[in-house]
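Put together the whole structure using the sequences plus the hints.
2 protein chains.
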Amino acid sequence: MTNDKSPLSDALQSALTALHIQDAPLLVAVSGGADSVALLLGLCDLRESLRLQLTVAHFDHALRADSAEDAQWVSQLAAGLRVPCIIGRREAGDAPHPRPLSSEYRGEGGSEMMPEESARKLRYGFLRQTAKEQGCRYLAVAHTADDQTETVLHHILRGSGLKGLGGIPPQRELDADLTLIRPLLKLRRADLLSALAAWDQTFLTDPTNVELQYTRNRIRHDLLPKLRAEFNPKVDEALERLAIQASDQQAAIEQLARQLLQKAVIDVQPDSIRFNRNEFATMPVAVIREALSLAWQQQSWPRQGLGFQHLDHLASMLVNGTPTKLSLPHGVEAACRGNLLELRKSKRN
Amino acid sequence: MTNDKSPLSDALQSALTALHIQDAPLLVAVSGGADSVALLLGLCDLRESLRLQLTVAHFDHALRADSAEDAQWVSQLAAGLRVPCIIGRREAGDAPHPRPLSSEYRGEGGSEMMPEESARKLRYGFLRQTAKEQGCRYLAVAHTADDQTETVLHHILRGSGLKGLGGIPPQRELDADLTLIRPLLKLRRADLLSALAAWDQTFLTDPTNVELQYTRNRIRHDLLPKLRAEFNPKVDEALERLAIQASDQQAAIEQLARQLLQKAVIDVQPDSIRFNRNEFATMPVAVIREALSLAWQQQSWPRQGLGFQHLDHLASMLVNGTPTKLSLPHGVEAACRGNLLELRKSKRN
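Protein sequence lines correspond, in order, to chains S and U. Following UniProt numbering from start to finish, the first sequence increments by one per residue and tops out at 349. Following UniProt numbering from start to finish, the second sequence increments by one per residue and tops out at 349.
Any given hint could be a false lead.
Any copy, or any two copies together, can satisfy a pair, since identical chains are not distinguished.
Unchecked claim - Lysine to any residue pairs mimicking SDA-like chemistry, simulated, CA-CA at most 20 Å apart: (1) Lys234 / Gly159; (2) Lys234 / Phe308; (3) Lys186 / Ala11; (4) Lys263 / Pro284; (5) Lys163 / Ser293; (6) Lys163 / Arg337; (7) Lys234 / Ser160; (8) Lys121 / Asn276; (9) Lys186 / Phe308; (10) Lys186 / Gln309; (11) Lys186 / Gly159; (12) Lys263 / Gln297; (13) Lys234 / Tyr214; (14) Lys163 / Ala251; (15) Lys163 / Ile244; (16) Lys132 / Cys85; (17) Lys345 / Glu333; (18) Lys132 / Leu52.
Since the hints were made in silico from the structure, they are not lab data. From a predicted model like this one, the values you see are computed outputs, not experimental measurements.
Following this line, the structure appears as structure tokens:
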């Protein structure tokens, strides 16, 4: 391979600039697959111009007999690029794979076994700890525009609703000192493969990418090719646009909900909150529901069991003043008195 | 068949009540297929209790040699139910079938021929004229919850964006005197088939339902069964919920955009409009874009060519005051002066 600048590096530079990343210690998660190898090489191209201090992290899920060889391969790749490399490995005491999927993901089908969640948890635990130990401010992962498309389609089929349609965000704060970034999110997997071919760089074709098994694999290798061939050759762009619009509109509703709360909340106590009903009169019900959900969250009351119907009834109570009393989950009681609406949580719950 | 009340009639009664329909002259579009036959029988059950004056309309697309027999069958069905029946027929001078699909529907694939649009146009032309001649205030069509699901999925795949996700509305004003209603929109096709079986009522298995050919047929008979079997047995409900949320959120954005315009528009002339920029300061960009699109529409300026990017640049100009000038499609120029933003359309365009 050479270190010439490539179109990949240009796109990567734009992404890092948009994320305001420069002169920063950055941990790169590398499975050894095409996406993460392309990410690593692309970042190496930019390490001088953007003054990046790179460290590679690889997690060995130990699900295959030869997985240690993958770890070895990644170590050698990093050494060749003069980047420090930390290898983690699943220990005998860690949660076993595979285990039954959590109910959120199981859907109605029920019996499917998916190790994704526990594998992901272990790997991210290792990555966060390593970032902390190495003093890294950012953790870069190799999700692409194809991952984005697949996620949006997965969420549509699973029924995650409009919030799930927003897809994968380009960055997410993991804690006060560490931000997860996805600088390849606008790039297609095909472009990464071209870049790797131009660099004459090999990659592992079967890394321990357990997350892609089951549903995601079927979306990638069966459903999406069928949709492109039989329905719309540009279905990927269609899904990506939908995701952008959905997260844009969701952001608008959330911003308005926060503004509404600022005006409408009269008094906050740990076990109660009081609203001025007049402020809600001209607001669309979607914004009122979002504001009530946000207020509930700010009280740190348990969110589980509080459904769309509860929020909808509460919104209608705020606007119409009827009913005057409503019981909500976790012992929260809503009561209307004139222009006031009070939510109060009983101490027993 | 008998005229006993059925669960279908109960659901239909709820739908008509929600649409405030009672004591009204109502034209029922009947192809002779299961959905429209069930609609007609269900409405007949309610004609006394809701004082409905029913008339049947059937359009013979004359695409098959035996299509006149279908028309005859529908006439006899209506006669048996003591409902007047008007038959329309495509004439030699009408637009031929099939013709190339309009570019909006053609997508990138390009070559597919689809007669849907022209067939639909002819049929709706006949239905509207018949409603007028018969003095009908409502036109009832037999779209079901399955049509809704298929439409949402079709829009997702075609890339209609978030607005297209709203799906089929339960009613739509065709003109000042005629409203299209879809009282079966919450009912599954399987429920209609059960009701028909209970009534011992036959129906045509291959009516001239040209709209369901091509893409829609593949969605109904191939894609949706695959999604239910391999991804989520409740995918229909997931798509329906998504449609409800999307149209709910879209309605919120539109309501806020109208409120914003009321506050922010200072002066309107046929060829110009002026805004107070201060009103936009705390508004989310999604609401500002919608308000600008609405203002443009209220001026009756041509909408074609005005894209997301134009609206986005204009929104940013409103909020930031820069750039101070912007050229938009159809000779519209935007200019910022202090707290004012003016849109002016040159007379030449």
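Any hints from earlier that this structure breaks? Give me their numbers in increasing order, please. Numbers 6 and 8, in rising order.
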